[in-house]
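Number of protein chains: 2
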Amino acid sequence: MTIQTLTIVGVGLLGGSLGLAARQRGLARRVLGVGRHLDVLDYARQLGAIDEGFLNLQDAVRPAEVIVFCTPVDQIARQALAAAEACAPGTLLTDVGSTKADIVRAVEGRLPTGVAFVGSHPLAGSEKRGPEHANPRLFERRLTVVTQTPRTDPAALERTRTLWEGLGARVRVMSPDEHDRALALTSHLPHLLAAALAGIVPPELYDLTAAGFRDTTRVAAGDPALWTAIFAHNRTAVLDNLDLLCARLAEFRRAVESGDTAALDVLLTQAKKVRDALGS
Amino acid sequence: MTIQTLTIVGVGLLGGSLGLAARQRGLARRVLGVGRHLDVLDYARQLGAIDEGFLNLQDAVRPAEVIVFCTPVDQIARQALAAAEACAPGTLLTDVGSTKADIVRAVEGRLPTGVAFVGSHPLAGSEKRGPEHANPRLFERRLTVVTQTPRTDPAALERTRTLWEGLGARVRVMSPDEHDRALALTSHLPHLLAAALAGIVPPELYDLTAAGFRDTTRVAAGDPALWTAIFAHNRTAVLDNLDLLCARLAEFRRAVESGDTAALDVLLTQAKKVRDALGS
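Protein chains in written order, with the numbering used here: chain A, 1 to 280; chain B, 1001 to 1280.
Think of the hints as simulated: they come from the structure by calculation, not from any bench. Keep in mind that the hints are not guaranteed to be accurate.
Derived EDC-like pairs (lysine to aspartate or glutamate); straight-line CA-CA distance at most 20 Å [as the list claims (entries may be wrong)]:
hint : chain 1 : residue 1 : chain 2 : residue 2
1    : B       : Lys1273   : A       : Asp223
2    : B       : Lys1128   : A       : Asp265
3    : A       : Lys273    : B       : Asp1051
Negatives, chain A to chain B, calculated, CB over 12 Å [stated by the list, open to error]:
hint : residue
4    : Gly26
5    : Arg45
6    : Thr162
7    : Gly166
8    : Thr186
9    : Ser187
10   : Thr209
11   : Phe213
12   : Glu257
13   : Ser258
14   : Thr261
15   : Ala262
16   : Lys273
17   : Arg275
No residue lacks a Cβ here, since even glycine has one placed at the ideal position from N, Cα and C.
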C-alpha cells in the first residue's frame, strides 16, 4: 500500500505520530495536516509529521486518498461528514477515536457513493497531548481495533487493516458495540477510577505519595474535555462496568472490615494473577 | 554516622537495597543479613548487599549497633521483641513497614532498658520482591517517614533520622496514627482499587488493555500475603478512605448518568490538577 495523499485531521500526539510513521515508513507520498492553529501545523511540519498544513478541512481532504480523523470523539462524525462532501469517490475515511458506536452510527449510511468510513481505535497514546509528544513508533506492535458492521464495505475494511498494519500495528476486527463494551472496562473505567482517587487527595498529602500512587493515577492527567466526551459517548457501558467495580469494592470492604484474611487473600491473589498475565 | 555492625532482618527488595546502599555509602562497616533461606542469603552476599547471612535472628543481632526489620508488617513486632532480648544496650531498632501504629504499639514499653525502637517507613519499593530487584539508589531523594510518640527517645529518633539521611532519603517525622491515616489514602487504597479493577477483567479482554490500564493496575502484582497483613493492620483508616472514594465514584456516576458534562468536567479538572502537581 502506497498512499498518494494521506490527510490527517488533528495533528496532536496521535495525528503527529501517524504522520511521522506514515512518512518514515514510506506508506504515504504526501501527508497533509488539518488543524486550528497555524503554529501547531508549522511545528508538525518542522517535526516531519506532515508535508503541508491546512486550516480548512475541505481544502485538505480534496486531494486525499485516505483521511484519518485524530480529533476528540465528539468532533469526528461531524468532520467526517463535512470531509465526505469534498473528497473524491474512492476515498477511505477512518479515525482513531476511543469510542466507536456513536461515531460509526452517526456516519454510516450518510456518505456519498464511493466514499467509505471504517472506524478504528489504536490502543496507543497517553495522558500527554500535542505533536511535541509524537512518536513514529507509537503504533508498533500495538493492537488497533478496526470496526465492522453489516454496512461496512469489505474492501474498505481491508484497506483500513492494511493501513494499520503498514504503521506497524496488529489489527483486530470487532463490532463498534463490542469495542465500546470492552474499552469501557479496560480504558474508560480506569480513567474514571484514577480521577476519583487523585481527586480526593488533599495537598498536604502530596508529599506522601510514592510510585504506586503515581502509577495508579497517571491517566488522570489526561485532558478533561477529551474524557468528558468519551464518557458521554460510552455512558451505558461505563456505568455497567462502574457498578461491577463497586460490587467488587464491596467484597473487598467486607473482607477488610470482618478481618477475613482468607477472603482478602483470594481477592488479591486473583487480581495478581490477572496483572501478572498482562506483563509490564 | 558510621555503624560498626548493621543487621538487616529480611533481605528482599527493601532489605537488599538497604544493605547495598549502606555498604556502598560507607554507612556501615559490616552488614549482617537474617533470612529463612540460605540460598537467598548467599545470593544477597554475592550481590554485595550483606557481608554475612544468618538463619538465626538472635545470633545476627547480638553484635549489632543498628537493626532494621525489612519483613512483612505482621512479623516486625514479634521479631523486634525477640531481637531486643539478645542485643546489647544502646542498640537502635527500626523497620521499613508500610503500617506503623500496630507495630509501634506492640513494641513500645516492652523493650529492655537501653534498647530503643523507632518506627520508619521509606516510601520506596515496588510490586517486585526479592534481592534480585535490590537497588542501592532506592532511597535516594525518597521520603522516609520516621514516627514519634510521647515515649520515643529523642536521641534514638535522631539516630534514625541520621540513618535514613545517610542512605540518601528525606525524612519527615509523624505520629504512627497520622502516618497510617495518610498512607491508607496514598498507598493502601490505591492497592485495593488496582486489585479490584484487575480482578474484574476476564481473560478475553487482556489483549484490549493498553498502557493506561497497565499503569492503573501495576501495584496489583504485589504479594497478596504482604498486602493482606497491611490491610489488617490499617483496617479503620483503609475503610474510611474507601468510603470517601466510593462517595466520589457516586458523584462521577451521577454526572455520567445524567449527562452532566459540566459536573464531569469539574471532577476531571480537579483530578488533573492534583495529578499534574505530583509530576511524573
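Status of the hints after comparison with the structure:
1. B:Lys1273 / A:Asp223: Status holds; Cα separation ~11 Å.
2. B:Lys1128 / A:Asp265: Roughly 18 Å separates the two Cα atoms, so the pair holds.
3. A:Lys273 / B:Asp1051: Answer violated: Lys273 (chain A) to Asp1051 (chain B) is near 36 Å, above 20 Å.
4. Gly26: The claim stands: Gly26 (chain A) keeps its Cβ more than 12 Å from every Cβ of chain B (closest is about 27 Å).
5. Arg45: holds, 28 Å
6. Thr162: It holds; Thr162 (chain A) is separated from chain B by about 21 Å at its closest Cβ, greater than 12 Å.
7. Gly166: Label holds. Min Cβ-Cβ 20 Å, cutoff 12 Å.
8. Thr186: Check fails; 5 Å does not lie beyond 12 Å.
9. Ser187: violated, 6 Å
10. Thr209: violated, 5 Å
11. Phe213: Label violated. Min Cβ-Cβ 5 Å, cutoff 12 Å.
12. Glu257: Glu257 (chain A) not clear of chain B: closest Cβ-Cβ about 6 Å, inside 12 Å.
13. Ser258: violated, 10 Å
14. Thr261: violated, 5 Å
15. Ala262: violated, 9 Å
16. Lys273: Answer for Lys273 (chain A): violated, closest chain B Cβ roughly 9 Å.
17. Arg275: At roughly 4 Å from the nearest Cβ of chain B, Arg275 (chain A) sits no farther out than 12 Å, so the non-interface label is violated.
Violated hints, in rising order: 3, 8, 9, 10, 11, 12, 13, 14, 15, 16 and 17; the structure is consistent with all others.
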